[in-house]
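Let the hints inform the model, and build the full structure from the sequences given.
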Amino acid sequence: AQSVTQLDSQVPVFEEAPVELRCNYSSSVSVYLFWYVQYPNQGLQLLLKYLSGSTLVKGINGFEAEFNKSQTSFHLRKPSVHISDTAEYFCAVTKYNFNKFYFGSGTKLNVKP
Amino acid sequence: EAGVTQFPSHSVIEKGQTVTLRCDPISGHDNLYWYRRVMGKEIKFLLHFVKESKQDESGMPNNRFLAERTGGTYSTLKVQPAELEDSGVYFCASSNRQGPPHEQYFGPGTRLTVT
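In order, the protein sequence lines correspond to chains A and B. In this text, residue positions in the first sequence follow this note's numbering: the first is 1, and each later residue adds one. In this text, residue positions in the second sequence follow this note's numbering: the first is 1001, and each later residue adds one.
Hints should not be assumed to be uniformly reliable.
[As the list claims (entries may be wrong)] Think about it this way: if two alpha-carbon atoms lie no more than 25 Å apart in a straight line, the pair counts; the simulated SDA-like pairs of lysine to any residue are: (1) B:Lys-1044 <-> A:Lys-112; (2) A:Lys-112 <-> A:His-75; (3) B:Lys-1044 <-> A:Gln-45; (4) B:Lys-1051 <-> B:Gly-1071; (5) A:Lys-49 <-> B:Thr-1076; (6) B:Lys-1041 <-> A:Arg-22; (7) B:Lys-1041 <-> A:Glu-16; (8) A:Lys-49 <-> B:Phe-1065; (9) B:Lys-1054 <-> A:Leu-48; (10) B:Lys-1054 <-> B:Arg-1022; (11) B:Lys-1054 <-> B:Phe-1065; (12) B:Lys-1041 <-> B:Thr-1076; (13) B:Lys-1044 <-> A:Leu-48; (14) A:Lys-49 <-> B:Arg-1022.
The hints are simulated quantities; they were obtained by calculation from the structure and are not laboratory data.
Given below as structure tokens:
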């Protein structure tokens, strides 16, 4: 079975600073990885996904993530955050031909001025 | 294009009452999913419809939960009778195709509070 761990429940950071949100997963088979973001009072929005190919994936709003198979990680990064990045971020995994997602418990990113 | 909508946005009910949550997927999306997030924990899969058929209901907690998708359009999730542990945010998602892994489009969720 798959499981996803987001080690940091909250990450405070100052505006224009870099940020990394950590995600580790466990699975006995190849997985596909996603990051979703939830802004206040909105649904989850896809930030980026890794299906195959280059392990460095670029997403919307300047975010990127790197798939590391040996460390079973898919950390999300942004070199310079903005106030508008304040939101909750969810890492999710699924496997080929499999429709349900397994989510982590979420990381609240709080960007301070 | 309208996104996934859910109604109501919030619901507060007493233990033992019945509540029905509704999800309208994106038009044309055959796949509809229900997920639930209990306070501060991970978002957990409940079930998956393909059109009006239940493809996977392995995440449904117990028989107090009943999901339907008549006509393959909108879906309802009924909780009867509600218990305190049913409190949480219920998300609906839809997609227009099945595997390989694809994006699921999520609604804003229904926050259910059982007192």
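Pair hint outcome, Lys-1044 (chain B) versus Gln-45 (chain A) [Cα-Cα no greater than 25 Å]: With a Cα-Cα distance of about 17 Å, the restraint between Lys-1044 (chain B) and Gln-45 (chain A) holds, given a limit of 25 Å.
Agreement of Lys-1051 (chain B) and Gly-1071 (chain B) with the hint, judged by alpha carbon distance not exceeding 25 Å: Holds, because 7 Å separates the two Cα atoms, which is no more than 25 Å.
Hinted pair Lys-1054 (chain B) and Leu-48 (chain A), Cα distance within 25 Å: 28 Å, violated
Proposed proximity, Arg-22 (chain A) with Lys-1041 (chain B) (alpha carbon, max 25 Å): With a Cα-Cα distance of about 16 Å, the restraint between Lys-1041 (chain B) and Arg-22 (chain A) holds, given a limit of 25 Å.
Agreement of Lys-1054 (chain B) and Phe-1065 (chain B) with the hint, judged by alpha carbon distance not exceeding 25 Å: 14 Å, holds
Restraint check for Lys-1054 (chain B) with Arg-1022 (chain B), where alpha carbons must lie at most 25 Å apart: 16 Å, holds
Holds or violated: Lys-1041 (chain B) to Glu-16 (chain A), with C-alpha atoms at most 25 Å apart: 29 Å, violated
Agreement of Lys-1044 (chain B) and Leu-48 (chain A) with the hint, judged by alpha carbon distance not exceeding 25 Å: 20 Å, holds
Pair hint Lys-49 (chain A) and Thr-1076 (chain B), alpha-carbon separation not exceeding 25 Å: 29 Å, violated
Proposed proximity, Thr-1076 (chain B) with Lys-1041 (chain B) (alpha carbon, max 25 Å): With Cα atoms ~23 Å apart, Lys-1041 (chain B) and Thr-1076 (chain B) stay inside 25 Å; holds.
Lys-1044 (chain B) paired with Lys-112 (chain A) [C-alpha distance capped at 25 Å]: 30 Å, violated
Straight-line alpha-carbon gap Lys-49 (chain A) to Arg-1022 (chain B), limit 25 Å: 28 Å, violated
Of the numbered hints given earlier, the model fails hints 1, 5, 7, 8, 9 and 14; all others are met.
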